[in-house]
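Asker: Listed below, chain by chain, are the residues.
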Amino acid sequence: MTVAVYVGIYLGFLIFLIGCVRRVIQYARAPIHLRWELYPVPHEEPGRVAHGGSYFESSDWWTQPRHFNWRGELRAMIPEILFLKGLWEFNRGLWYASFLFHFGLYCTIASMVLVVGQVIMSAAVAGWTNGLGGLAVAGGYRVTGYAALLLTLAGALALLWRRMRDAELKNFTSPADIFNLVFFILTYCILGAGYCLRPEGAASVTSIARGVLTFDIKAEVAPMIGFGLVLASVLIAYIPLTHMAHFIAKYFTYHAVRWDDRANLRGGKIETAVAGYLRYKPNWAAKHVGATGEKTWAEIATANPAREVRK
Amino acid sequence: MKRELNIEEMWRVDREPLTHVENADLMPLPAPLDIVEKDRSWAPLSPQATKKYECGLDDTCAVSVRQPESPEEEKRLVATFLSGLDKLFMKENNWTFLQPLLLTMEHCTRCQTCADACHVFEASGRNELYRPAFRSEILRRLYFKYVKHGGLLSAWQHGDIQVNWPLVARLIELSYRCNLCRRCAQTCPIGADNGLVAHELRKLFSQEMGISAKEIHEQGSMLQLKVGSSTGMSPEVVKDNIAFIDEDISERTGIEIHTPWDVEGADVLLIHNAGEIMAWPENPGAFALILTMAGVKWTMSSELAAYDSINYGLWYDDAQFARVALKHAEAARKLKVKKIVIGECGHAHKALCVIADRLLGGDLNIPRESSLTLLRDVVMSGKIKLDAARNDFPVTLHDPCNVVRLMGVVEPQREVLRLICPQFREMEPHGVNNYCCGGGSGFAIMSGLNFPDWRFHVSGRKKLQQVLQAFSDCLEPETPKYLCAPCSNCKGQFRDMLAYYKLWDQNRILYGGLVELIVNAMADVKPGFIEWEWR
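For the record, the sequence lines run as chains A and B. Counted from 1, the first sequence has number 222 at position 95 by the working numbering; the numbering is strictly sequential. Counted from 1, the second sequence has number 355 at position 362 by the working numbering; the numbering is strictly sequential.
These aren't lab readings, by the way, just hints derived from the structure by calculation. Be aware that a few hints might be false.
[Said to hold, decoys possible] Derived list of chain B stretches under chain A, where covered just means 3 residues or more per stretch with a C-beta under 8 Å from a C-beta of chain A:
#1 98 to 112
#2 182 to 191
#3 274 to 283
Backbone N, C-alpha and C fix where the C-beta goes; we use that ideal spot for every residue, glycine too.
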């Protein structure tokens, strides 16, 4: 049982990692697109962020130094990541469920980090576990663990309720959407029940974590916790295969699209990259495009189909 | 009448419209348009039109796609569509927007946050067909099934779809029920972009199937590339018209002006939307007067396409877009000007300053900026004497989406208005959170069949509500009111929509640009530049 649980956890995290890296590479390797930003762009000068202005508001903007407003960007990013600020502003009804769910996931991650931290510190510092630091961390992972269980379950149930009851979502709910939420609910229920009902003498959370980190199979993982952990591992592996990997997409949609206001400078990186793309040979079929599969984008863009027709 | 609509109905094989919009379903308007029974009725599509064109989406027809003559032709069209769909996701064919498109396809959580941000959806009375995610959901299913070659598992995960000609025909029309204002994208918690989806669908139809609205292709970008302007004006004609405008403005203002043409080494190459020259000549005339009085060294260009800032490719075709943008930049390079300044045209702002930025390399990368910043600088510099009392009437400002949300030019126009218009009042919401006029993405110039009925009743309705609310304290005809819209397309929409609802005749709401207000306030100009006559 213990070996199976460990292998499940290793595989789950490995597949998750590969899936995430694959997605990151897919988006990062896509060509630099034409500018498509949306204002407000929070790294603009502070005086402009409030009304959503850009450097285009200055005459001769290209002659003026530009300062990247990190503070502005962080002020937009942190509330968005932690508290889903956009949803709060634009879809309050969904925010309550979504925030519970996502904050539950953050608590899950926090709890896991604290457990792993506890294992590492216990190994590194003699007497850590019973010292003030160890007790504080133990309290921390218990509190975040319980919060994770309650918030994620409440959020997932609320989201499931909405998916099934909201008529506006009827056209936009696939069986997989229901499955995904049920998967979360089931996994957290089993993990929660396994923890609460664990038999005396069963391996503690830190023992399991220590075992996973050192591949020490001596720990006796209780059957229900073991099953819950395998299920959680499958869930973790499954996430990058779905739109639930939007935590990756969101980096790109914000930083590479919505807020990407980098100007094309002569001799700069963008100009070099685009010069390469202009050598691509498209094969769009409409006559006016004039793409033969042999002509480059540069040749197509400098042709004039209206004048050619007249000849 | 509004009813539930399933996505599966998009591939229904009959040609009956999927939805029917009635006035009673629409978002209510404030006074004086608050009585539903008095709302104008829609002209139905004629039997000839429904027999000839694909009109199976709703009550109107924007693109007028001819019905195929045989099942073989339908099959060929579907095959072409699928081949275009593939190309949309290949970097060789679509490097320009591949990354944002992939992100939108793969990560929408279908939460519908976008729906409440969409003026078309809201104004239609929340008609399911116009839900911004409805169109995207179809492309998303197509992407997973035909581009990613997903099987049953994919259909379970993303939803299934069947491709046939009725689906393609309806999708063509549906891609022209979005103003591309991207207000929905602004609210998406993930950053998915339904506006981009409509844009990319239009590209697929144009670049692969040769299908687009004739007003923006044959009569738009193609005409511009052929004679120099979508208005049909050749360089000779435009020079004649500008000379006439100079003469007229000189007479009206008492200040002699001569628009300079093709001046090498000028500081500013000013490019107007040529529609202004034809429809609102006081606008280029006012520009000429302000720049002359401010001592700006400026010129216009008579090169092909360089006297018309429009770039309709922005809405439907990357190749056409790049061609026109290059023509603008080449003209500036030839004249060795220091910068290009875009007149009062929203989409031209975004096209040349923002979207074309990465296409213009080397010596074609000539600085480009908005006329609104230049005007702000002129007004604030004190080079022209202004008397705000001349503009003592209610003024509100319409924000063109392309200038604010999509380019971030928000304050310059307001700084001017606050200074010269004592009764300036904002619409709510405004700035980057504005609503589209309803004419965006080409709609303002699309008047085929009964499409205007749709754009006044549905796409323009939210803006109409805002305008009426902004002037709610002074709707009586005794008070002339000015709707400032520094964008040609928006003005086209307002001209048609205000006339449709008789808001000039009955409530004296006039529309116009920013420069007209500036000249109207100029102390050295004969009073009464704004004539309070309907154009």
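Asker: Each of the hints needs a verdict: does it hold here or not?
Answerer: The hints, checked one at a time:
Residues of the stretch 98 to 112 of chain B lying with their CB closer than 8 Å to a CB of chain A number 11, which satisfies the three-residue condition for coverage. Counting residues of the stretch 182 to 191 of chain B whose C-beta lies closer than 8 Å to any C-beta of chain A gives 6; at least three are required, and the coverage claim holds. Requiring three or more residues with a Cβ within less than 8 Å of a Cβ of chain A, the coverage given for the stretch 274 to 283 of chain B is violated, as only 0 such residues are present.
In terms of the numbered hints stated before, the structure departs from hint 3 and from no other.
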